[in-house]
Amino acid sequence: MSSVLVVQEARADGKSRFFQESLAAGRILAGLTGLPLEAAAIGNPNSSVLAEFSGPPPAAAHAVQHPLLETYTSDGYVLAFEQLIRKLQPAFVVFPHSYQVRDFVPRLAARFGKGLIGDVTAIEAGPTFVRQLFQGRVNGMYRDAGDGPCFISIQSGAFPPDSATAGATTIHPFVPEMIAAQIRTHPGEPFRASARTVDLGSAQAIVAVGRGIKEEANMPLVRDLAAALGAELAASRPICDNGWLPMERQVGSSGQTVAPKLYLAAGISGAIQHLVGMKGSQCIVAINKDPDAPIFEVADYGIAADLFEVIPALTEAIKAAR
Amino acid sequence: MKIIVAMKQVPAPDAQIRIDAAGRWIDESGLQWALNESDAYALEEALQQKEKHGGEVVAVCAGPERVGSTIREALAKGADRAIHIDCDDLASRDALGIARLLAAAIQPESPDLILTGLQSEDLGLGQTGVILAELLGLPHATLILHVEKTESGLRVKRELEEGWFQNVELPIPAVLTIQSGGNKLRYATLMGIKRAKTKEVRRIAAASLAAAAAPVVLLDRIALPQKQKTTQMLSGSPQEAAAALVEKLKFEARAL
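Taken in sequence, the protein lines are chains E and Z.
Per the numbering used here, the very first residue in the first sequence carries number 1; after that it's consecutive.
Per the numbering used here, the very first residue in the second sequence carries number 1001; after that it's consecutive.
Keep in mind that a hint or two might mislead.
[What the hints assert, rightly or not] Dumping the calculated DSSO-like pairs for lysine-lysine here, alpha-carbon to alpha-carbon at most 30 Å:
hint	chain 1	residue 1	chain 2	residue 2
1	E	Lys289	Z	Lys1149
2	Z	Lys1248	E	Lys289
3	Z	Lys1199	E	Lys279
4	Z	Lys1199	Z	Lys1149
5	E	Lys214	Z	Lys1229
6	Z	Lys1197	E	Lys261
7	E	Lys214	Z	Lys1248
8	Z	Lys1052	Z	Lys1002
9	E	Lys261	Z	Lys1248
10	E	Lys214	Z	Lys1157
11	E	Lys279	Z	Lys1194
12	E	Lys279	Z	Lys1248
13	E	Lys261	Z	Lys1229
14	Z	Lys1229	E	Lys289
15	Z	Lys1002	Z	Lys1194
16	E	Lys319	Z	Lys1248
17	E	Lys214	Z	Lys1227
18	E	Lys261	E	Lys214
19	Z	Lys1197	Z	Lys1052
20	Z	Lys1052	Z	Lys1149
21	Z	Lys1149	E	Lys279
22	Z	Lys1227	E	Lys289
23	E	Lys289	Z	Lys1184
24	Z	Lys1184	E	Lys214
Hints listed in this document are in silico derivations from the structure and should not be mistaken for laboratory results.
With the rest of the complex left out, here is chain E (with noise of 0.2 Å):
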């Protein structure tokens, strides 16, 4: 049977948020094609997040279990679900962008001779479906070509989870074959670091620094701003991979999410990457000297000009006002 296939990707950990969200992008994809919605997950039918569902529940959903799937392989997690689509034969595949998704998904799709199209954040009629290009500069509209099913992967945040009333549905349990021997990677237990010793997360005012400071030499000029407003020192992913500031001062998907009242993003561009860990700030600030870049979209004040020239401009501003 024709289907969309919304895939819980991680196990039933309470990051079920993105799942409904993906069932959220799974609704809409079956408004538009009539088909039926389906739900699969790796884990214990009794456990798992497929027993109540926000919103619509689907027609029908999978459990996947193996205990060669206890813990997160890309061979382990390809094997069980390009046996469960062979077997369901979805027209499409949702699944959440996540880091686990980016890795083994690619692969999943290309067993199948397909592609994913991936970190969408709109579908429009057809099906089209929107991603970002050039780091947010540019959407693409894509489409998927040939046979077999349509894989696709969406944004957080993108498809808003669906707040009527729960619901349940009839859950068959799903059991791959696979033996021990055809996973080759060994993963071990997951780690941080060190212990951080910045907590950016309760800042109440923030000054990120991105790669249009060019410099390490020129690092005092946000540094005096920051000073002056009272505020953290943050940056984006380049400034960090540089050594210019360490990497626990990181806002963005791949460091920490931030909320301050006041976030002004100096000489960064405003890839999703970084903008996933600052948007939900109080108000924005953005000097960018590109007119187009994409960190205006978020920001509620703009400042389209070189930050050589505003930010000492304004840390002396700020020093007069207070």
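Dock chain Z against the given chain E, drawing on the hints supplied.
Structure of chain Z alone, referenced to chain E:
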């Protein structure tokens, strides 16, 4: 170890992106190009592995004539030789198509390790390395910050979400996608730049790789995103803009 580094040339980080007249792709005229950042880290990791364990580093890059500058940069930094897959229609190929080209060029080399950046800065698909592993039948690991050779293969440090990491053991040959920031990038030396001119760059026509297939993911058109929020743009001289911002933050946003 024989290490292949698959690299991509992308618009330079501060390049102005303009949409072409047909709305199908960007206007590439006058664009500045650079080596994709995470690919630069993949190259650095390969060079450090060669320094520790010996062997050879081969850079592979697909694209038109212009990618020659990126290939020379890799050779100048220390790659031993390079393969240039010649094709002018990169933008019309999907990730599976590009990975098939790379796989066909890499397979005869029988490398011990294939490294590439975790994603490109232009398309941001983050799939080429993973698909490459599937096509070559090799194990893979993504988002790698550190690579250590062991007796039986590799131990790699993988980045997870929200500040978590994980060590993964896997046999070689393998494909790793490298996250930025794991190493410090080297600059090409004058001697390196000079030596690069004598190093082998083998050009292979994409058409000769017999890896052709119709794309399964089509990019129909591109467009500027719609604004999610009304941004008040403050203009004037730097002093005027700064004064206006302080005023707004103090009395409108009450954030000062």
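Quick rundown of the hints versus the structure:
A hinted pair counts as satisfied when its Cα atoms are at most 30 Å apart, and Lys289 (chain E) with Lys1149 (chain Z) does not qualify at roughly 44 Å. Only pairs whose Cα atoms come within 30 Å are accepted, and Lys1248 (chain Z) paired with Lys289 (chain E) is accepted, the gap being roughly 20 Å. Restraint check for Lys1199 (chain Z) and Lys279 (chain E): the C-alpha separation of about 48 Å exceeds 30 Å, so the hint is violated. A C-alpha spacing of about 27 Å is found between Lys1199 (chain Z) and Lys1149 (chain Z), which places the hinted pair at or below 30 Å, so the restraint holds.
Restraint check for Lys214 (chain E) and Lys1229 (chain Z): satisfied, since their Cα atoms lie roughly 28 Å apart, inside the 30 Å limit. Under the criterion of a C-alpha separation no larger than 30 Å, the hint pairing Lys1197 (chain Z) with Lys261 (chain E) is inconsistent with the structure, at around 54 Å. The suggested pairing of Lys214 (chain E) with Lys1248 (chain Z) holds, with an alpha-carbon distance near 28 Å, which does not exceed 30 Å. Taking the CA atoms of Lys1052 (chain Z) and Lys1002 (chain Z), the gap is about 12 Å. The hint holds against a cut of 30 Å.
Taking the CA atoms of Lys261 (chain E) and Lys1248 (chain Z), the gap is about 14 Å. The hint holds against a cut of 30 Å. With a CA separation close to 29 Å, the supplied pair Lys214 (chain E) and Lys1157 (chain Z) stays within the 30 Å bound. Between the alpha carbons of Lys279 (chain E) and Lys1194 (chain Z) the distance comes to roughly 47 Å, so the proposed pair goes past 30 Å and is violated. At roughly 19 Å between alpha-carbon atoms, Lys279 (chain E) and Lys1248 (chain Z) fall within 30 Å of each other, so this suggested pair holds.
Restraint check for Lys261 (chain E) and Lys1229 (chain Z): the C-alpha separation of about 17 Å stays at or below 30 Å, so the hint holds. As the CA atoms of Lys1229 (chain Z) and Lys289 (chain E) are separated by approximately 19 Å, the hinted pair is consistent with the 30 Å bound. Distance restraint check for Lys1002 (chain Z) and Lys1194 (chain Z): the Cα-Cα separation of roughly 23 Å lies within the 30 Å cut-off, and the hinted pair is therefore satisfied. Restraint check for Lys319 (chain E) and Lys1248 (chain Z): the C-alpha separation of about 15 Å stays at or below 30 Å, so the hint holds.
In summary, the hint linking Lys214 (chain E) to Lys1227 (chain Z) is supported, as the alpha carbons are separated by about 27 Å, within the 30 Å threshold. Restraint check for Lys261 (chain E) and Lys214 (chain E): satisfied, since their Cα atoms lie roughly 27 Å apart, inside the 30 Å limit. Restraint check for Lys1197 (chain Z) and Lys1052 (chain Z): the C-alpha separation of about 25 Å stays at or below 30 Å, so the hint holds. For the given pair, Lys1052 (chain Z) sits about 9 Å from Lys1149 (chain Z) by alpha-carbon distance, which is consistent with the 30 Å threshold.
Our distance criterion of 30 Å between C-alpha atoms is broken by Lys1149 (chain Z) and Lys279 (chain E), whose separation comes to about 40 Å. Between Lys1227 (chain Z) and Lys289 (chain E) the CA atoms are separated by roughly 18 Å; this keeps the pair inside 30 Å, and the hint holds. For the hint linking Lys289 (chain E) to Lys1184 (chain Z), the alpha-carbon distance of about 28 Å falls within 30 Å, and the restraint holds. Proposed proximity of Lys1184 (chain Z) and Lys214 (chain E) is supported: the alpha carbons are some 16 Å apart, at most 30 Å.
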